[in-house]
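**Student:** Residues per chain are reported as follows:
2 protein chains.
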Amino acid sequence: MTLPVFDRAAIEQAVTADLVFETVRDALIAHAHGRTVVPPPLHLRFLDADGDCHVKAGWVTGAADFTVKIATGFYRNRRFSLRTNHGLVCVVSAETGHVKAILDDEGLLTAWRTAAAGALITHAMARTNAATLAVVGSGEQARLQADWLALLRPISTILVHGRSQDRVQALCREFSARGQHARPAGPRETAGADLIITTTPAAVPVLDAAHVLEGAHVTGIGSDMAHKNELPPALFARAALIATDDHDQCLQDGDFGHAVRAGATSAASDTPVGLLLESPVQRLDDAITVADLTGVGALDAALASAVLHNLTQ
Amino acid sequence: MTLPVFDRAAIEQAVTADLVFETVRDALIAHAHGRTVVPPPLHLRFLDADGDCHVKAGWVTGAADFTVKIATGFYRNRRFSLRTNHGLVCVVSAETGHVKAILDDEGLLTAWRTAAAGALITHAMARTNAATLAVVGSGEQARLQADWLALLRPISTILVHGRSQDRVQALCREFSARGQHARPAGPRETAGADLIITTTPAAVPVLDAAHVLEGAHVTGIGSDMAHKNELPPALFARAALIATDDHDQCLQDGDFGHAVRAGATSAASDTPVGLLLESPVQRLDDAITVADLTGVGALDAALASAVLHNLTQ
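So the sequences go chain by chain: E and Z. Residue numbers for the first sequence follow our numbering, beginning at 1 and rising by one. Residue numbers for the second sequence follow our numbering, beginning at 1 and rising by one.
Just chain E, same shape as in the assembly (with noise of 0.2 Å):
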């Protein structure tokens, strides 16, 4: 049998935004309870072109698939005015080993996991009236994150800081265009929203923890290797309540690891999202919040299993 191969445009018509919510939901309650298969990664460089390769596989223990997504990031093709991002997810029976599908999604979903997981963490963290939303970087998932938390709970600004000015009015545009009330913003405005998500590359923090305030919560998801840090330690040592999506993970290459290293909280602060997701959380109206996703690989199996099951049925 020719195996399947289904395109970006597939993909999305097969795909509802409450199909990735709870299905990366129950992916993260999974890994919180150990219940997912998550080995290290590969990785290839290519100095001369300036790109990388990393490989990813996952598995939600038990379940029909698992997947290896390869995505690769080659820096050098912007002078070419190509994209620099690629990749696909090879769906594979964890019954028989015999590959399904070939998802060409082109990064989509690890663009949906992503910012359905931080929307859902931000969510369910966050006050209950908390409704001021500032999004550090202008980029897709800055994009994201505030698209599917509106899904989630009303936003009433989305303040957009961010290092390019002509992207950062691009984006607020964006948002005004789809009814949202949107605005550029300061670092000092930025870090007195309700609701923080960061969402850059940074290697140096992007929030002053000072200017943080209380009742708050913030959410990075930028920080994905050991060398990136959005969030100030200073932050994490406010925080009455930290969240990790892999503490391993996040020790190694998220703001909490930095934050640990520093000595502003201790290695055992932090809680699963998972764990997070599975009951109302409690927390006082004046504590700070701070939740650090880094990606988990169990959560490209799950979705890429629940998006082909929809694309076969």
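Hints listed in this document are in silico derivations from the structure and should not be mistaken for laboratory results. Keep in mind that the hints are not guaranteed to be accurate.
Some but not every residue of chain E turned toward chain Z, in silico, with C-beta under 10 Å [unchecked claim]:
| # | residue |
| --- | --- |
| 1 | T2 |
| 2 | V5 |
| 3 | L88 |
Pairwise CB distance ranges, derived in the manner of DEER restraints [said to hold, decoys possible]:
| # | chain 1 | residue 1 | chain 2 | residue 2 | range |
| --- | --- | --- | --- | --- | --- |
| 4 | E | P40 | Z | A177 | 45 to 51 Å |
| 5 | Z | G186 | E | T312 | 48 to 54 Å |
| 6 | Z | E174 | E | E140 | 52 to 58 Å |
| 7 | E | R76 | Z | L213 | 39 to 45 Å |
| 8 | Z | T16 | E | P201 | 43 to 49 Å |
| 9 | Z | L82 | E | T16 | 32 to 38 Å |
| 10 | E | P201 | Z | D18 | 46 to 52 Å |
| 11 | E | T312 | Z | A9 | 22 to 28 Å |
| 12 | E | P154 | Z | Q313 | 35 to 41 Å |
The beta-carbon is built from N, C-alpha and C at its ideal position, and this holds for glycine as well.
Based on the hints, put chain Z in the right spot on chain E.
**Tutor:** Then chain Z, alone, in the frame of chain E:
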């Protein structure tokens, strides 16, 4: 653009043995000179289904493509009369990170590059007039090693030794049907052949070193994980020349490692296979020579790239 997928039949049509020999030889030479990138593979295990998945990547430095290869072995499948092995190769541009094609080869290219590497090094290290071949094992590689070696030099007799007499008989009939003199042989006669190629997953040596004759050459194909061991340490102690396809990998996962750990030879006693393919090997007529092959990921990359070139030209 739709991602191209080529199936096994298309791949078989696109390749000649000459192309495989030439590509594998060049890649082994590149590997011997450190002109390859082969990161540690990624592994997943599925205990209930008695399955595993290995993901290997490789690149010949400077080549236009690299590959990510997914290979699964699910041994419970036998109970349901399903194939146990599946796999495919993703060919990715090393210049832009774009996935060029999927070779849905069902493991064919791995089988061919293994056969070609074995035949090339056996032919290069053996005496010019070595003509009797013994293969140990009766599976796909037993057949391929004999077939591919016969493309490089005349073989007077093929002796087949294996655990399953039915499979040994069947393999001898296959060889005979193609005009070869082939017959089953016991362990002692096997060990006395001019050329010996072992192709089993054995965990204990399949050859008595004392019965190997002066002037013989032995190539071990099967050992590629630390718990496997086809060639006895005492054989390495008798060898005048030892070749490995990858020094570190053979130390860790090959027969060479068993011999070194047993004190039968030193960790510095091996020569890279690629160096022995560059120019005629100097060997005495009464010397015993040994090659240990564990499989190099860069060969997958080189061969897949060459195949894709033929498929798309």
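**Student:** Now look at each hint and say whether the structure bears it out.
**Tutor:** Checked hints:
Interface restraint check for T2 of chain E: the shortest CB-CB distance to chain Z comes to about 6 Å, inside 10 Å, so the restraint holds. Interface hint at V5 of chain E: satisfied, since its Cβ lies 5 Å from the closest Cβ of chain Z, which is below the 10 Å cut-off. Hint status for L88 of chain E relative to chain Z: holds, with the closest Cβ pair at about 6 Å, below 10 Å. In this structure, P40 of chain E and A177 of chain Z meet the distance hint of 45 to 51 Å, their C-beta atoms being roughly 47 Å apart.
For G186 of chain Z paired with T312 of chain E, a C-beta distance near 52 Å keeps the hint of 48 to 54 Å intact. The hinted window of 52 to 58 Å between E174 of chain Z and E140 of chain E holds, with their beta carbons roughly 56 Å apart. A C-beta distance of roughly 57 Å is found between R76 of chain E and L213 of chain Z, which places it outside the suggested range of 39 to 45 Å. A C-beta distance of roughly 47 Å is found between T16 of chain Z and P201 of chain E, which places it inside the suggested range of 43 to 49 Å.
Checking the proposed 32 to 38 Å range against L82 of chain Z and T16 of chain E shows it holds: the Cβ atoms sit about 34 Å from each other. Taking 46 to 52 Å as the suggested C-beta distance range, the pair P201 of chain E and D18 of chain Z conforms, at roughly 47 Å. The hint said 22 to 28 Å for the Cβ distance between T312 of chain E and A9 of chain Z, and at roughly 24 Å that hint holds. Checked against the hint of 35 to 41 Å, the C-beta distance between P154 of chain E and Q313 of chain Z comes to roughly 58 Å, which is inconsistent with it.
When each numbered hint is compared with the structure, violations occur for hints 7, 12.
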